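Q: As you go down the protein sequences, you meet chains A and B in turn. First residue of the first sequence: 1, per full-length UniProt numbering; consecutive thereafter. First residue of the second sequence: 1, per full-length UniProt numbering; consecutive thereafter.
Keep in mind that the hints were calculated from the coordinates and are not lab data. This structure is a prediction, so every number in the text was calculated from the model and none was measured. A hint or two may mislead.
[As the list claims (entries may be wrong)] Heads up, simulated BS3-like pairs for lysine-lysine below, C-alpha to C-alpha not over 30 Å straight-line:
#1 A:Lys-297 x B:Lys-306
#2 A:Lys-247 x A:Lys-15
#3 B:Lys-464 x A:Lys-297
#4 A:Lys-495 x B:Lys-498
#5 A:Lys-210 x A:Lys-297
#6 A:Lys-210 x A:Lys-247
#7 B:Lys-464 x B:Lys-199
#8 B:Lys-297 x B:Lys-199
#9 A:Lys-464 x A:Lys-391
#10 A:Lys-15 x B:Lys-15
#11 B:Lys-464 x B:Lys-498
#12 B:Lys-247 x B:Lys-199
#13 A:Lys-297 x B:Lys-495
#14 B:Lys-297 x B:Lys-210
#15 A:Lys-199 x A:Lys-297
#16 A:Lys-464 x A:Lys-15
#17 B:Lys-297 x A:Lys-495
#18 B:Lys-398 x A:Lys-464
#19 A:Lys-398 x A:Lys-306
#20 A:Lys-306 x B:Lys-495
#21 A:Lys-498 x B:Lys-297
#22 A:Lys-210 x A:Lys-199
#23 B:Lys-247 x B:Lys-210
#24 B:Lys-15 x B:Lys-306
#25 B:Lys-464 x B:Lys-15
#26 A:Lys-495 x B:Lys-15
#27 A:Lys-306 x B:Lys-498
There are 2 protein chains.
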Amino acid sequence: MRPLAEVFPLLGWLKHYQRQTFISDLVAGIIVAILLIPQGMAYAILAGLPPQYGLYASILPLFIYSLLGSSRSLAVGPVAIASLMVSTSISQLAPQSEADYINAAINLSLLVGVILLVLRCIRLGAIVNFISHSVLTGFTSAAAIIIALSQVKHLLGLDLARAERIDESLMAIASNLPNTNSITAVISVIAFIILWYCKRTLCDQLLRLKLPQGVVEPICKAGPMFALLIGSIAVWYFSFDQTAAVKTVGMIPQGLPHLHALHIDVDLWRQLMMPALLIALIGFLESVSVGTALASKRQERINPNKELVALGMANIGSALSGTYPVAGGFGRSMVNYSAGAQTTIASMISAILVAITVAFFTPLFYYLPKAVLGAIIIMAVIPLINIAAFKTCWRFNKADALTLAATFFLVLFTGVEIGILSGIAISVALLIYRSSQPHIAIVGRVGDSEHFRNITRHDVTTGKSTLALRVDESLYFANTRFVEEFILQQCADNKQIKHIILICTAVNFIDASALETLENLIINLRDEGVTLHLAEVKGPVMDQLNSTHFLTQLAPGNIYFTTDQAMREVAGV
Amino acid sequence: MRPLAEVFPLLGWLKHYQRQTFISDLVAGIIVAILLIPQGMAYAILAGLPPQYGLYASILPLFIYSLLGSSRSLAVGPVAIASLMVSTSISQLAPQSEADYINAAINLSLLVGVILLVLRCIRLGAIVNFISHSVLTGFTSAAAIIIALSQVKHLLGLDLARAERIDESLMAIASNLPNTNSITAVISVIAFIILWYCKRTLCDQLLRLKLPQGVVEPICKAGPMFALLIGSIAVWYFSFDQTAAVKTVGMIPQGLPHLHALHIDVDLWRQLMMPALLIALIGFLESVSVGTALASKRQERINPNKELVALGMANIGSALSGTYPVAGGFGRSMVNYSAGAQTTIASMISAILVAITVAFFTPLFYYLPKAVLGAIIIMAVIPLINIAAFKTCWRFNKADALTLAATFFLVLFTGVEIGILSGIAISVALLIYRSSQPHIAIVGRVGDSEHFRNITRHDVTTGKSTLALRVDESLYFANTRFVEEFILQQCADNKQIKHIILICTAVNFIDASALETLENLIINLRDEGVTLHLAEVKGPVMDQLNSTHFLTQLAPGNIYFTTDQAMREVAGV
């Protein structure tokens, strides 16, 4: 049993599964399903697919995640950001027909799944660490704005071509504004009011009526379902689809998804590789963040490696269902958690409810206005727009704020893919730029203690012919010239210096560029009558240096165990 | 006078200029010119230009560098690597005519010059630090091999299309081998023998004859000039160009260079931007390396900022002369230094000699066989192939060795530009990957000293309910999850832990991602009954933390000045 539970965390949880746990899961599963059905259809449209594909992505992938996932509360399924990324990446391929488009989406799911599994196998899950908090925040905020704008055409009943960049979007909307379908616009406004009311006011009012939590909770979360029902009924009753040309979802085939035919071709995979990698990374990152946050509320932890496998397999499940990539969504996961999900059985229940809907109830969506789905999407992505984060960042660290702002604007004005890649490049470049000018402190002894501190910040004693330097950075290609320059400049400015002690408390590694620079520095300093010493070299760095002839080259310079020792022997203070 | 000498280092040197200094400069200038004339023509052909363009690049740019450069010995002019890069980058544009090709080369010079000046103005000269030693070594070695192979067609008199990748080159050479022009091949062999003899043996023999150094030196360096003369005379005497179809340089117009017409168009600049940036960076990097090495032999230093300006203006000089980019060459600079150049007057003398040649003696090159130029190039680039560097790197640092090897093979098999960009990306990615799994030491007190060391490497005492950790890396997006994970795992493994002391001796900065992680960590640990403390936080990091609410969030945890203090107060040891 033990090894099986290692692979299927659910099995471990089922050992202590009780009737009460099941009821909690059941309630949570129902609530998530109520949210998932309208959102699934909406996100599919956002992804450029027929609405049922969002429902297809909400069955098998959820089952698979339920079995393999290590998070009790993560709700997997179609998500807004991934839907946008699917749409932008497939549109770039300019598919010839809807079948081509769907085929590309399926291939994308398969690729995302394979990438996640490969990352697990080659132990490279840490690659998500390349995406900094600032890049993610900037990207998410901008993507949310793009998503919201992309829905305006549904809200107003306009007929616009897809636009990836914000300026194109705005231009298209502005010039088409006179063509607004007023009935559609009214439906949109009503949908917004319903959604807003359910989210903000309804819950408090119901609780004040002393209704039990188990009744209040599903009703509060059913805003999208109410909007969907009311919208559909209105269109059906007044025949708005005929009389006012209100666009509706229309005919959705009944029946469970099945894989028609998957055309894999190398060229398609090559073109989809980068988008798939980004969708995989962003999806994984979001899922793990949400999963970790929810797990720590229970004093538990999720296992990122298991999440790679679970999400990878869930995406392969998407491909098998003939639909597009999934991830763990922030909003629905929060709902799942707060609705009381105890295990992934809750997700299974959601999946079963979606499956029943797909199998029997799709004709009910015939009159569903697309405007309502647009309103649902906009309400779901608004919380993702986080402009305040910029202010916080700016106060703490200008480089992060810059990265955030750059990513935000690049995503808005150059597109999703280039935007996020540029953001990653900028964050990495700024990181290296920062460490290319490391903080170097000239230190002296604090009183007669064994502590050494910056001479500009503390009252310390120093030796006359000895310069003790602490470089606050590892020594590697990006900063090695700066350090060399600094030391040579100090020697040029103060001809009394005969010994330099390089304190290596912050030197965590030395690369080949730095080793060569140090070797040259020893020679150059020797020519000027100055001896270089090292102090407090860390174990791993010492091992590295011992593997070369560095110590012979350093002589008569020494490597001292402590700065104290070095200063006493070399400087006599 | 002072501020003028700031701009023109030469003016400073001229203050102490004497007859003897001038004689030294004169000799060095002549020797370099003897080398420069054949090399210049050879490199121009390598760059895909008519040979005279290499001479044009050896007049005005040298004058400009003489006035502005801060290195006494750097010999600026056409260099092998930049010539290769010019050829590959312009060929990608598929120019329609020779005029288009030359126009692109001129634009490239202008762009390289502008980029260097802009880097100076926005103080971004440090950008060269992105190119690590390993990337440069891998790139240079591979480029040298490509250059050498590109000359084989001249050596054998074959008619081959340009090939950028090594496999294409080898294939083309192999399949055309039967077409070898045997007279051309013989000329090549003789040229190699002359070059080899002058380089290896002649100098020692002349010195053994007790000839004065001032006579020996020019003769030794004149190998290329001898090869050129002997080759030309042979072709002229036997009419090999007519009878054996030996390819010669042919008609070179007499007269100094002048700018015909420069067509700047935005599209061209956009296409040339990346190659120009790479040529600028590699050229600057090589120049500064050689300049620094030669300056420290004189206990002097060069000024990288002045070099940016000097090389930038020299390249603009190239553009004005209607020719292609220049840089400081390794080989000729070494010759310049060892021939006794005292100031940049030596370069001026070289330039004057090249100018005289261009003005009057170009008809002399009519019979010069291209095979001889090919042999000169190959002899010049062989020292750049540094395979031994890989072995040294491998012993010291596997990541560097990997970067070197990857850059080497990528340049060989995917081309110069992609190769070096990939090399840079790999070195940066490996750097971040390395620091994404930082070394974390659990430390304890050494004896009853104030020193704390790794419990696995030293015999130390620790507290029972306190875990003291030293993270050997700054905290930022790439490693923040790893650190969080490590700490939470330690707490999960040992429920006795009530306090964690994070020793920040190696933490040089904290970015926004890490701050957020730390804040979450404090909350998560508190939920588990564990308090987080920090110790030995550096000044700049403390300033950063003080700008936020971090200290309030940390309470009841403290920030201690020393680990000693923290351990005594928290752990009681």
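Q: For Lys-297 (chain A) and Lys-495 (chain B), compute the direct alpha-carbon distance and say whether it is at most 30 Å.
A: Satisfied, since the Cα-Cα distance of roughly 18 Å is no more than 30 Å.
Q: Do the alpha carbons of Lys-306 (chain A) and Lys-498 (chain B) lie within 30 Å of each other, as the hint requires?
A: Holds, at about 29 Å.
Q: Measure nothing beyond the straight line between the CA atoms of Lys-495 (chain A) and Lys-15 (chain B); if it is 30 Å or shorter, mark the hint as holding.
A: Between Lys-495 (chain A) and Lys-15 (chain B) the Cα gap is close to 24 Å, so the pair holds against 30 Å.
Q: For the pair supplied as a hint, Lys-247 (chain A) and Lys-15 (chain A), confirm whether the alpha-carbon distance does not exceed 30 Å.
A: violated (50 Å)
Q: When you check the alpha-carbon spacing of Lys-210 (chain A) and Lys-199 (chain A), does it fall within 30 Å?
A: holds (18 Å)
Q: For the pair we were handed, Lys-15 (chain B) and Lys-306 (chain B), check the Cα-Cα distance against 30 Å.
A: With a Cα-Cα distance of about 19 Å, the restraint between Lys-15 (chain B) and Lys-306 (chain B) holds, given a limit of 30 Å.
Q: Sort out whether Lys-495 (chain B) lies within 30 Å of Lys-306 (chain A), counting only the CA atoms.
A: holds (24 Å)
Q: Hey, Lys-464 (chain A) versus Lys-391 (chain A), does the alpha-carbon distance stay inside 30 Å?
A: The given pair, whose Cα atoms are some 46 Å apart, is violated under the 30 Å limit.
Q: Does Lys-398 (chain A) pair with Lys-306 (chain A) here, judged by a C-alpha cut-off of 30 Å?
A: The hint is violated at about 36 Å.
Q: For the pair supplied as a hint, Lys-464 (chain B) and Lys-297 (chain A), confirm whether the alpha-carbon distance does not exceed 30 Å.
A: OK: Lys-464 (chain B) and Lys-297 (chain A) at ~27 Å, within 30 Å.
Q: Is the hinted pair Lys-297 (chain B) and Lys-199 (chain B) satisfied, with a Cα-Cα distance of at most 30 Å?
A: holds (23 Å)
Q: Sort out whether Lys-297 (chain A) lies within 30 Å of Lys-199 (chain A), counting only the CA atoms.
A: holds (23 Å)
Violation of the numbered hints given earlier is confined to hints 1, 2, 4, 6, 7, 9, 10, 16, 18, 19, 23 and 25; the remaining hints are satisfied by the structure.
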